[in-house]
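Model the full structure from these sequences, guided by the hints.
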Amino acid sequence: MRWAVTPTSIVGAASADGAEVMVRPKTPVGNVLFLLGVAAGREPDTVLDDVVQLAHVPDLTSAVAALYARVTERVLQDGVLRGYRPVSETRHTVRGRVDVAEQLRRRPGRGAPIAVRYDEHDEDVLENRLLLTAARALTRLRPHLDVRRRLHRIVAALDDVTPLRIDGPVPDVAWTRLNVRYRPAVDLARLVLRGSGLDLALGDTVAVGLTVDMNSVFERFVCSALADVLSERGGRPAPQDTTWRLDERGTVHLRPDLVVYDARGVPSVVLDTKYKVTDGTSVPPPDVYQMLAYCTALALDRGHLVYARAEGVPALVVRHGGPVIEVHSVDLSVPPGDILRQVRDLGSRMS
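For the sequence shown, the numbering used here begins at 29 and goes up steadily by one.
Everything labelled a hint here was simulated from the structure, so no lab data went into it. C-beta: ideal position from N, C-alpha, C; glycine also. You can trust all of the hints, since none of them are fake.
Below, a list of computed lysine to any residue pairs in the SDA-like style, where the Cα atoms sit at most 25 Å apart:
1. K304 / S361
2. K54 / D73
3. K304 / S376
4. K304 / A41
5. K54 / A83
6. K304 / Q370
7. K54 / A42
8. K54 / S361
9. K304 / D269
10. K54 / Q370
11. K304 / E354
Computed beta-carbon distance windows for the label pairs:
12. P313 / H149: 51 to 59 Å
13. R372 / D275: 33 to 41 Å
14. D290 / Q81: 35 to 43 Å
Structural data, given as structure tokens:
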């Protein structure tokens, strides 16, 4: 049997029925880890240290698993988080409040068991459920033995936690001062779960895999790193800003990757990222049309397109007094510290 496989922006590995497909990133594995860590909201300097420690890990799956184990171990050192969670159940004794509507629906006019609602204080909260589910998912991908052992220890530490069943979007967490210490691990867990294909039924076959959408990772990395620079210079970054419409009736919705507002609340920068390599002389026309729409809607005379590679592409000046569309390049083949430096320099030029 022959297969025709066309790689896109997705990298990683998947296996089913004894067959395995692996798409290796063109970007070095350590650099992918760095992009993932910053994209997940972690401090770049901390991520750089992790990448150095994981430089020996040869493949992307094991590298992501090792990074996740390292970050989660660090979070759990201070103890497993406990919190309140709502519980609805039927009991023979009342605890909390009687759920009158549920009682009337299930047992109208009858006694015990009684439908009740109460708040339970334990470890079975969403944050821990995300950590557990991601650890179990990564274990199934069979990373290197030492990484598997670390993941098993994480699973054991969360023994009183119920794993999540991910049937749709990965649930988000509301952050407060009580749980914010968990954020680095939870953000990475959510990223892992968005890219893990678990129990994908293919007839009698079960497929497992871990894939990373480099389009999304590149966009989130660039926007996160730029947001830090532009915030320091008085801007208010708004990633994935959905407030803008192109037409007067408001029917054409826009969503730039990043809009930066000045102190008056007026847009000052609009930017879109593209995980693409250009030919060195021009950029794809649809990208230009998209940025032209953003500049028009935001009343800006300048817009920015950021590519994974676009050396030597001149700025595009739209006719009849239209905006200037600047084309920028971020070289992902250089060491992680240099990647970060490129993006920060770009932010300095934009502000």
